[in-house]
Structures are given as structure tokens and as C-alpha cells.
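2 protein chains.
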Amino acid sequence: MNTTPVIEILAVGNELLNAGVQDTNTFWLCRLFTRLGGRVRRAVLLPDDEEAIAAEVKASVLRAADAVVVTGGLGPTADDVTVSGVARATGAPLRLNEEALRMVRERYDALAAKGVVSAGGINPAREKMAWLPAGAVPLANPAGTAPGVLMKAGRTSLVCLPGVPQEMQAIVETSLHDFLAEVFTGGRFIERRLIVDCNDESLLDPLFRRVAADYPGVAVKARAGLFAETPRLEVFLSVTAGGGEGEGDAEEALEKAAADLQRLLAEAGFGA
Amino acid sequence: MNTTPVIEILAVGNELLNAGVQDTNTFWLCRLFTRLGGRVRRAVLLPDDEEAIAAEVKASVLRAADAVVVTGGLGPTADDVTVSGVARATGAPLRLNEEALRMVRERYDALAAKGVVSAGGINPAREKMAWLPAGAVPLANPAGTAPGVLMKAGRTSLVCLPGVPQEMQAIVETSLHDFLAEVFTGGRFIERRLIVDCNDESLLDPLFRRVAADYPGVAVKARAGLFAETPRLEVFLSVTAGGGEGEGDAEEALEKAAADLQRLLAEAGFGA
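If you're matching them up, the sequences are chains A and B in order. FYI, the numbering for the first sequence is 4 to 275, going by my numbering. FYI, the numbering for the second sequence is 4 to 275, going by my numbering.
So here's chain A without its partners, still in its complex pose:
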């Protein structure tokens, strides 16, 4: 059993690449999946280009990611092409999804009742948001009009979420809850940070290498700052522990590796 789900993230929008907007969804999702015990293997920013989206999703499915999470490009306008890109990648034809249509209609009716939009009901642009790949399930969007999309392609779960951060987060925290509970079965990302009284990575590298060789499951990573700005350096040791028998072992290896590194640093004359 694969206890560490492997995730790939795809953020779509011309504005992310022409610096009209700084993508923050990727970071938010990386933090979420890491905390849940998953491993984000890659994250990609792409323009509003159906072909590029289709190629990227197809590659993720071929790499057998456990989940591919796409943000952006779900709206009613012609430049929103994420769902058609996913349909193209998976070969699942777009169909009018009755449940999604109901969700969209209800949202616009409610917005019209509050006077936020001039009229409720459906028009062609609104209906577009209910055309989903065959077999997909819509995810209710409590903060906007475009439903999210959940579907399977091979062993990979594909999740499409809106690009507006509040809508993306609202779907994750409500409609996507059951899916996340199913995929992330209690694993954890555990990290220990050592602050070393030395800012010269070139002197510390032999020690890092030794610990990394002794504990293959433990990632050892120094984070460099700017020389002279700080006389210290941070070293992170981390493991991703699956939610099962192996978890205690992984945590034990992490603690031993941290203790070993601390001892090696002390022997070399560096406080940590």
C-alpha cells in the first residue's frame, strides 16, 4: 500500500505568467497536502491554453500521480478552458451534468434574490460551467458560481478548483473533505530544524552527507541565507511517515539522524 500520496499541482491562468497576479494557490495547496502527509512532486503554472493543459494533465496521469489538482480556468468565459483541457487529456467527452447545472442555477438564483446579479437562471455562459467530462462529479462551490470537478483517470484522481483563492479554499474545506479523508490516511510530514552557528555550508556539507548516507529515508537540507547577513544557517531534517506501522520507525530514524548530526556538529566545533 502506498501510504504517501503523491500529488501534482497545476495552476492555470495567463495572469500568473504575465505577473498580473502572483499565484498563491500553489503554496496554499502545498502546505495543505504536506501537513496531511502527502508529497507534492511538482507544481506547474500554465497559460489559458487548452492544449497545454491537456498535455500536462496527460503527463501527470502517465506518471501515475495519486492526485492532480488543477486551479483556475473554471469560469463562464471563453478563456476558461481547464475543463475542456481535462476532457481532452482523459478522452472523456464533455456532457451537460445535471447535478452541476442544478448547482449553478441555485447559486445564480440565490445571487439574484440578493440583488448581486440582475437575473437568476441559466444562460449559455452559465451553462458552460455545468459541462463536465463524462464520469465527473461536481463539487459544490460555497463561495462562487463555478462548481469544482472530481474524476478518475486510470489510478489518478483529477480535481479541478476555481482560481479565485477564496473559492478554491472554500471547496477544499467543504465539498472536497471526504475525498481528502479517503486519500490521506493519517500520514505525516515530520521535520526537525537545527540552527547551526556557522554560515559556511561548504564546511558543513561533509557532515550532512554522512547523516544522509546513514539514514536514507531522512532528507537533509540546508537553507542558505545571505552571507554576512546572519552568522547562522538552518538545517532541516525531514521524513514523510505513512499512517501505519512504519510511522514510528520513520520518526525514530528522524530523531536519531538529528541527534547524530548534532553530535557531529559539536565534534566539529559548531554549536547547534
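Check before you lean on any hint, since a few could be wrong.
Same chains, same names: a pair is fine if it fits in one copy or spans any two.
What the hints assert, rightly or not - Straight-line Cα separation of at most 20 Å, SDA-like style, residue types lysine to any residue; simulated pairs:
1. 61 / 44
2. 117 / 236
3. 117 / 202
4. 117 / 200
5. 259 / 215
6. 155 / 87
7. 117 / 245
8. 155 / 99
9. 155 / 138
10. 61 / 158
11. 117 / 234
12. 61 / 97
13. 117 / 55
14. 117 / 201
Everything labelled a hint here was simulated from the structure, so no lab data went into it.
Position chain B relative to chain A; hints supplied.
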């Protein structure tokens, strides 16, 4: 002549994907290249994994990007594998580059003279930063110790920069200046923003489609906010104009498209 350079960005570091650090280099570079008249086609975050870096760089070269800019993974420690990933992607063997070695030595000697590091000179970890792919040119780093790297692979220029933002920016603004002047020959990204007194994209979509169809070179993109939070919506029309004869035409098309959209919006009863 291709007057709009196509750029791909690659940001490397486990900490970017496990949310230890939020990547800001990509946004900074997207803004720079867009302002210079380039088009950033995609941006990828990858872990410190030589094979993944090599595969991504190879794919960028096969897509014939004009430039691939990689940030992160240039340091002295074992987890810094960007340069070996690039070597693997291009087939250029790693060689000790004498100019890079001189740069690294000079930086450590200067840091030692200021008391920032305990000793100057070269050790194996420091020397590692001077092993570059054959044919590569080192880029002096005024803010750190790892030189940047510039090389060609087919028609693609590969640029490797450190992940520490101040070092990355310092190299771009000094050592990379001539390269940028050569690649970006005066093109411009021009954008017009219309603020529409309507927050319902589904009503505006037919107008956007009409303008987009009339002006194929002009990108029309609505940026949705949260319903009810604002009664307005932003629409961006943009062109990337090459630095040559076509520039005036592109700008003229943009102005005409913006005027047309404003007229269509007014006819439909929306202020803009």
C-alpha cells in the same frame, strides 16, 4: 524573426513543494520577462531531484524555448543538484571551470578577510560550485558564493541562478545584463484594463468573445473577484508587441479592441 522570446522557468527546491518557503523567484522573473517583451510559457516547481530536473530541462529544450531559467540548487551541498541535472539533460559533461573556480575562490577569500567565514580558499564543497557543463559560462554572483551558469542547448539558452532571491536578483541585474539585452530586443507587453460595472461574467462573455474574434492578436481576459464583495469586474486586453515594425500595429489593434469593447459594453448597458 521571432520577436517575442519564449521563456520557461524552473524553480528547484524541496522546500518550495513542502511549503517550507513560498517561491517568489518565479513571480519576480515573470514580471521581468513580461516587462521586457517576452512571453513566459510555463513555470515549474521541482524538488531537489537530478532526474526530475534533467527531464524538465530536456523537455524545455525539445519545445525549443528561447530561454530556460532555472533558480535554486546551485550551492555547495549534496542536495544542490541543478547543475548536474542540466549536464545530464544536455549531455555536456561536468568539467572544472577555471573562471568559475576563480570567482568562488575570490568570494571566499573576501568573506574570510571580512571575518564572515573562518577560512578562504577552496575545499571540495566549494569546488563543486565550479564544476560546470562543458561550454558553459559562469555568471559572477555579487551577493553570494555560487556563480550562475549560462549555456546553449540547441537554440535554447539555459540560465541557472541561485535560489536565494537576493542572489538571483543580483546576478540578473549585473552579470546577466548583456544576455538579456541580446534576447529581448525592445518588445513590449501592453495591457489595457477596463473596469466594468457588472460582476456577472456570464452576461459579459458574448461581448468578450466578439472582440476576441475581431482581434485575434489581442488577449481578452476577465478577472473574477468574489461575487457580492465587489459589484465590478476587471477586464484585461493585452498584446505582446515585438520590437520592430509590427509594434505600432499591435498597439493600434489593442486600442481599437479596447474601444470596441467599451462601445459594446455601453450598448449593453454596462458602464466601463
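Status of the hints after comparison with the structure:
1. In the homo-oligomer, the alpha carbons of residue 61 and residue 44 lie at most 20 Å apart both inside one protomer (15 Å) and across protomers (18 Å), since each shortest distance falls under that limit.
2. Taking the closest pair of Cα atoms, residue 117 and residue 236 come within 20 Å of each other only across two copies (18 Å); inside a single copy the shortest separation is 55 Å, beyond that limit.
3. With identical chains, the CA atoms of residue 117 and residue 202 are at most 20 Å apart between copies only, with a shortest distance of 14 Å across copies and 59 Å within one.
4. In this assembly of identical chains, the alpha carbons of residue 117 and residue 200 lie at most 20 Å apart only when taken from different copies (17 Å versus 60 Å within one copy).
5. Taking the shortest alpha-carbon separations for residue 259 and residue 215, only the intra-copy value of 12 Å comes in at or below 20 Å, while the best inter-copy value is 61 Å.
6. In this homomeric assembly, residue 155 and residue 87 come within 20 Å of each other (Cα to Cα) only inside a single copy, at 15 Å, whereas the closest approach across copies is 36 Å.
7. In this assembly of identical chains, the alpha carbons of residue 117 and residue 245 never lie at most 20 Å apart, being 47 Å within a copy and 47 Å across copies at closest.
8. Proximity of residue 155 to residue 99 under the C-alpha cut-off of 20 Å is restricted to the intra-copy arrangement: shortest distance 18 Å within a copy versus 49 Å between copies.
9. For a Cα distance limit of 20 Å, the shortest separation of residue 155 from residue 138 inside one copy, 8 Å, qualifies, whereas the shortest one across copies, 46 Å, does not.
10. Taking the shortest Cα distances, residue 61 and residue 158 sit within 20 Å of each other inside one copy (12 Å), while across copies they are farther apart (27 Å).
11. Proximity of residue 117 and residue 234 under a CA criterion of 20 Å is satisfied inter-copy only: 12 Å between copies versus 58 Å inside one chain copy.
12. When the C-alpha separation of residue 61 and residue 97 is checked against a cutoff of 20 Å, the pair qualifies only within one copy, where the shortest distance is 17 Å, while the shortest distance between copies is 33 Å.
13. For the homomeric pair residue 117 and residue 55, neither the shortest alpha-carbon distance inside one copy (39 Å) nor that between copies (50 Å) is at most 20 Å.
14. Only between protomers do residue 117 and residue 201 lie at most 20 Å apart by alpha-carbon distance; the minimum there is 15 Å, versus 61 Å within a single protomer.
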